[in-house]
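With the numbering used here applied, the sequence shown corresponds to residues 629 to 1215, in that order.
It is possible that some hints are incorrect.
[Claimed, not checked] Simulated restraints, written as ranges between beta carbons of each label pair:
hint : residue 1 : residue 2 : range
1    : Q679      : M881      : 50 to 60 Å
2    : R637      : E1089     : 52 to 62 Å
3    : L1094     : S966      : 45 to 55 Å
4    : H728      : V871      : 45 to 55 Å
5    : E1089     : A1068     : 15 to 25 Å
6    : S992      : R716      : 43 to 53 Å
Simulated from the structure, these hints should not be mistaken for lab results.
Ideal Cβ placement from N, Cα and C applies to all residues, glycine included.
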Amino acid sequence: MKQLVTMFRLLGTARRAVLGGVLMRLVQSLALGIAFGSAMRLVARIINGEQVDHDTALRTALACAASLLIQLAAGWVAARLSWLASYRAVANMRLALLQHLRVIPVNALGRRSRGDIAALLSTDLQLIEDFLAEGMPRLGQALGIPLLVIVAVGLNDLTLAGALALPILAMVPVMSWSSKKLAALADRRQAAQAGASARMIDLVTAMPALRVYSTRERTEKWYNQAVEEFRAISVEMVHRLIVPSSLAGLILMLGIPLVAATGGWSVSESAASAALVGVVLVIVLSVYQPVQGLLSTNESWQMAQAALRRVQDISDIPALPEPENPVQPPRQFDVELSNVNYVYPSQAQASGKARGTEALSGVSLHARAGEMTAIVGPSGSGKSTVLSLISRFDDPTSGSIRIGGVNLKDIAAGDRSDLVTVVFQDVHLFPGTIADNIAAARPGASRGDIERAARIACADEFIAVLPNGYDTVLGEDGAGLSGGQRQRLSIARAALKDAPIVLLDEATSALDPVNEAAVHRGIQSLCQGRTTIVVAHKLATIQAADRIVVLDAGRIAETGTHRELLDRGGVYARLWKTTAELEEWAL
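Based on the sequences and whatever the hints tell you, model everything.
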């Protein structure tokens, strides 16, 4: 019941339409029951040897015709209401989930993969849509005919009506038993299906690498494992459904001899006419058939509940709190971290169940306005975590982050976005033209502003030689562009945004020397006069930084200029020596 209430809450404005669809299916079923009732009376009179006049036959024919028209109209309205409402409701759920994903902490999803999220937004919501469009209306359809026929028979013979209703009531414990068996399996099945979908997406994404390296057998085994797990759970579900389904069918079929025996006894006791019993025996299958369909509706509901629980796992993650009374954005652009601690939430912690992994401990640093502060350290030392916290992709577990003396939490989201721009190591390009991709940083920017941003990023050089220049339509995620070209478009976006604080996350770590030189020119132009915090993998690129902060295992090991840190002979000096040895070996 709780899940049903949750589903209706999520339906929003589509709630009435979905309920209207159920009601119309009930009306459709009742209309069919009226036709049965009219025919029953006519057949009963014929069996009793009563004379049927022209008017009676005409009234019966008109009642059946009216019933048919009502069925057609109610069926059309039900289909329209149910399907359109379910489409609208699930579309709204998708949009709401996507919006929610934008405001929750980036790390709150724990170990969920992109494929798992994609499966949630597609397969899981599709199951909810199917239940709303078909499963719920089927409830009304299954109840209408049995209810009307049992009431009609009860008006003539309560004993016969009781015999007709008894198998339906006996279905209730079978349905309850079936629900309990399905509930746990449904959760496992959805998790397995999400896992298979995630691996399929990963497989397709990694296809170029798989074709180069001899990993086909291992990768296929990895994917087939997930598919086999999904298949095994699906087969187990079918096996567990066989018994309750067969039992339900048996109970309903036993209703036929029960009705026949009860009817025979009623006739012998003169409690019911032979005509009534005969008509009931003719239509008894039409009464029980819709009820048997409730088992498949129950299966659909269990799957929808499992999908709904997965949706709730995401929607229950609290959004990053926004200030009720935001302060004016700062006019100074220095960035200060004070005793910042951060614990990565595990997937379990996202739902409040476990403690995650500590990524930063007691980090305090001050990036002065207009200067470049570089953050270096071994892999996993917390460098990118610092940038994500300054971007407010999440909040520190404790401690504070301030821009111009103002706590980041007290600045409105829009103002915060205007203050900071990020150039990521992994660049994502959107479907559309090159101009559209640059303008994503500032919708409505003029062509002149876009071209100026491209010049700052040194992207105009390669854009000029493209067939359609800035109007060149990019392939999926920028297919056809080199890593350096993609990175320069990312820098152009940042230049167009013109934020006073620039965060660079290892922007040149994977580039060849030619592209690296071009990207460096773009970065130097972008950072001119701005507060710049750069995470560096190649130490040679940050020798001129005003200040270098060295992280080790989530703590600040040392700070200083390039020369000061080398003279100190600490972590930075060891990293520098290792880098120099690797470069010498490469040469």
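Outcome of the hint check:
1. Q679 with M881: 50 to 60 Å: 37 Å Cβ-Cβ, so the 50 to 60 Å window is violated.
2. R637 with E1089: 52 to 62 Å: holds, 54 Å
3. L1094 with S966: 45 to 55 Å: holds, 47 Å
4. H728 with V871: 45 to 55 Å: violated, 40 Å
5. E1089 with A1068: 15 to 25 Å: Since E1089 and A1068 have Cβ atoms about 21 Å apart, the given range 15 to 25 Å holds.
6. S992 with R716: 43 to 53 Å: holds, 51 Å
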